Amino acid sequence: MGLSPEKHRHRSIRPGLGTLALVAMAVALALGLVVAPAEAIQGQAQRLMYVHVPAAWTAFAAFALVLVASVAVLMRRHPRWDARAQAAAELGVGMTALAIVEGSLWGHTAWGVWWTWDARLVTTAVLLLLYLGYLGVRGLPGDRVHVSRRAAVVGVVGFVQVPVVHFSVLWWRTLHQPPTLLQPTASPPISPLMLTALLAAVVAFMLGGAWFLRRRVAQLVPVEPSPSADHADTGPVPVVVTRGAS
Amino acid sequence: MHMSAKRSGWHRSARARGAAVAIVVLVGVTVLAVSGFEGTLTYYRTPSEVAQSPPPTGERLRIGGMVVAGSVRDDDQGVRFVVTDGAADLTVVSSSSPPQTFRTGQGAVVEGTMGSEGVFLADRIIVRHSNEYQPPERPQ
Numbered sequence: 001m002g003l004s005p006e007k008h009r010h011r012s013i014r015p016g017l018g019t020l021a022l023v024a025m026a027v028a029l030a031l032g033l034v035v036a037p038a039e040a041i042q043g044q045a046q047r048l049m050y051v052h053v054p055a056a057w058t059a060f061a062a063f064a065l066v067l068v069a070s071v072a073v074l075m076r077r078h079p080r081w082d083a084r085a086q087a088a089a090e091l092g093v094g095m096t097a098l099a100i101v102e103g104s105l106w107g108h109t110a111w112g113v114w115w116t117w118d119a120r121l122v123t124t125a126v127l128l129l130l131y132l133g134y135l136g137v138r139g140l141p142g143d144r145v146h147v148s149r150r151a152a153v154v155g156v157v158g159f160v161q162v163p164v165v166h167f168s169v170l171w172w173r174t175l176h177q178p179p180t181l182l183q184p185t186a187s188p189p190i191s192p193l194m195l196t197a198l199l200a201a202v203v204a205f206m207l208g209g210a211w212f213l214r215r216r217v218a219q220l221v222p223v224e225p226s227p228s229a230d231h232a233d234t235g236p237v238p239v240v241v242t243r244g245a246s
Numbered sequence: 001m002h003m004s005a006k007r008s009g010w011h012r013s014a015r016a017r018g019a020a021v022a023i024v025v026l027v028g029v030t031v032l033a034v035s036g037f038e039g040t041l042t043y044y045r046t047p048s049e050v051a052q053s054p055p056p057t058g059e060r061l062r063i064g065g066m067v068v069a070g071s072v073r074d075d076d077q078g079v080r081f082v083v084t085d086g087a088a089d090l091t092v093v094s095s096s097s098p099p100q101t102f103r104t105g106q107g108a109v110v111e112g113t114m115g116s117e118g119v120f121l122a123d124r125i126i127v128r129h130s131n132e133y134q135p136p137e138r139p140q
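Protein chains in written order, with the working numbering: chain A, 1 to 246; chain B, 1 to 140.
Worth flagging that the hints you see were computed from the coordinates, not collected in a lab.
Computed from a prediction, not measured in an experiment: that's the story for all the values here.
Be a bit skeptical, because a hint or two may be false.
A short list of chain B residues far from chain A (calculated; beta carbon distances all over 10 Å) [what the hints assert, rightly or not]:
| no. | residue |
| --- | --- |
| 1 | 51 |
| 2 | 58 |
| 3 | 61 |
| 4 | 75 |
| 5 | 76 |
| 6 | 78 |
| 7 | 80 |
| 8 | 87 |
| 9 | 117 |
| 10 | 127 |
| 11 | 131 |
| 12 | 132 |
| 13 | 137 |
Which stretches of chain A does chain B cover? Using the computed rule of at least three CB atoms under 8 Å from a CB of chain B, they are [claimed, not checked]:
| no. | stretch |
| --- | --- |
| 14 | 35-41 |
| 15 | 127-133 |
| 16 | 187-201 |
Pairwise CB distance ranges (calculated) [stated by the list, open to error]:
| no. | chain 1 | residue 1 | chain 2 | residue 2 | range |
| --- | --- | --- | --- | --- | --- |
| 17 | B | 123 | A | 43 | 19 to 27 Å |
| 18 | A | 185 | B | 57 | 56 to 64 Å |
| 19 | B | 23 | A | 214 | 34 to 42 Å |
Quick reminder that beta carbons are idealized off the backbone N, C-alpha and C, glycines included.
Kindly generate the complete structure, drawing on both the sequences and the hints.
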C-alpha cells in the first residue's frame, strides 16, 4: 500500500514511453542498417544520415520547445515551464553536438573533410554555442525567478538561429547540400526504402527525446505543489512564484 | 544599510558573472563569424565568376562546379579534370588525390590558386554531393 495513486500513475506512464522509444529504435536500426540499400556513390557511409538528420531535427524541435516554454515563463506561468525550458535546452544541445560530431564523420567520408568553414557548419556551431550560453545563463547565481526570466529572454531570442541554420544552405552558397525533405517538392529525391528508414529514425529520436524530457522535467521539479495540481499547469498557477519577492 | 550594501555587492558580482558569460559567448560567436566570414557566405566561386573577374595570382580560393564526364586523367603534376557550371569550364590540376566519392557528373570544390594559362592549381579536392540519395543502378 506504499504507492499513492499519483505515484502509481507516474510509474505506469514512464515505461510506456521508454518502451515505445526502444521499439522505435529497434525498428529504425533494422530499417537503417539492413532494409535500406547502400547509396550509389557514398556506399555504406550514407547510413550515417539516419542519425545525423534525426539528431538535427530533434534539436530543432527541442529549441522550439525552449521557445514555447520561455514565452510561458515570461508570462509568469507555472515553474514547471522553466524546468521544461531547461530540459529541452539540454536535449537540444546534446542533439546539436551529436549532429555536428556525427556530421563530421559523414563529411569525412562523403566530402573528404572533417570540418570546413561552410555557412551550414558555422551557423550550427553558433547554434550550439548560443544554447550552451543559455544553459550558462541558467547557472548564474541569483534570485531563481530572475534567473529563469533572464534565461527565458535568451531562450526566445536564441531561437532566431534555428531558421538561420535551416535556411543557410538556401540563402548562401555552401558545401553542405540543400534539404532533401524539408523543402517544397512533390517527390523528394530519395529512394523509398531510404526515406522509410529515415522517417523511422526520426520517430525513434523524437520518442527518445520525449522520454528524456519527461524524466528530466520530473527530476528538475521533484515535488508537486499538491497531488491535484499534477496536470493543472495548462492554466495559470499563481501560488508558486512568490520566492523572489523578498 | 549593512544588509543593502552586502546585497548590492552580491548583485554586482552576479552581474559581473553574467557579463563574463555574455562576453565569452559573444567572443566565441565573433571568432567563429570572423574566421569563417571570408569563405563562409560564399563557400566557392563558379568557373563563370572566375572567368569574368580573374583572381590575382597567388590568392587562395575555392572553385566549385560539376566534374565534366571524360575529363579526368592522370598527369605528371597530379590529377587533371575540368569543372563546369554549365556556362564556363575551368581546367583543374590537383596535386592531391580526390576523395573516394569523387565522380564525374557530380559536384566538386577545389582549393588552391590560379596558375598561368587559366589552369587552376589545386592542392585539395572536396566532394560536394547533391541532395539525392539512390541505391546503385544495378543492385548486387
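Quick rundown of the hints versus the structure:
no. : hint                     : result
1   : 51                       : 17 Å, holds
2   : 58                       : 20 Å, holds
3   : 61                       : 13 Å, holds
4   : 75                       : 20 Å, holds
5   : 76                       : 23 Å, holds
6   : 78                       : 15 Å, holds
7   : 80                       : 18 Å, holds
8   : 87                       : 16 Å, holds
9   : 117                      : 27 Å, holds
10  : 127                      : 5 Å, violated
11  : 131                      : 4 Å, violated
12  : 132                      : 4 Å, violated
13  : 137                      : 7 Å, violated
14  : 35-41                    : holds (count 5)
15  : 127-133                  : holds (count 4)
16  : 187-201                  : holds (count 5)
17  : B:123 - A:43: 19 to 27 Å : 26 Å, holds
18  : A:185 - B:57: 56 to 64 Å : 42 Å, violated
19  : B:23 - A:214: 34 to 42 Å : 36 Å, holds
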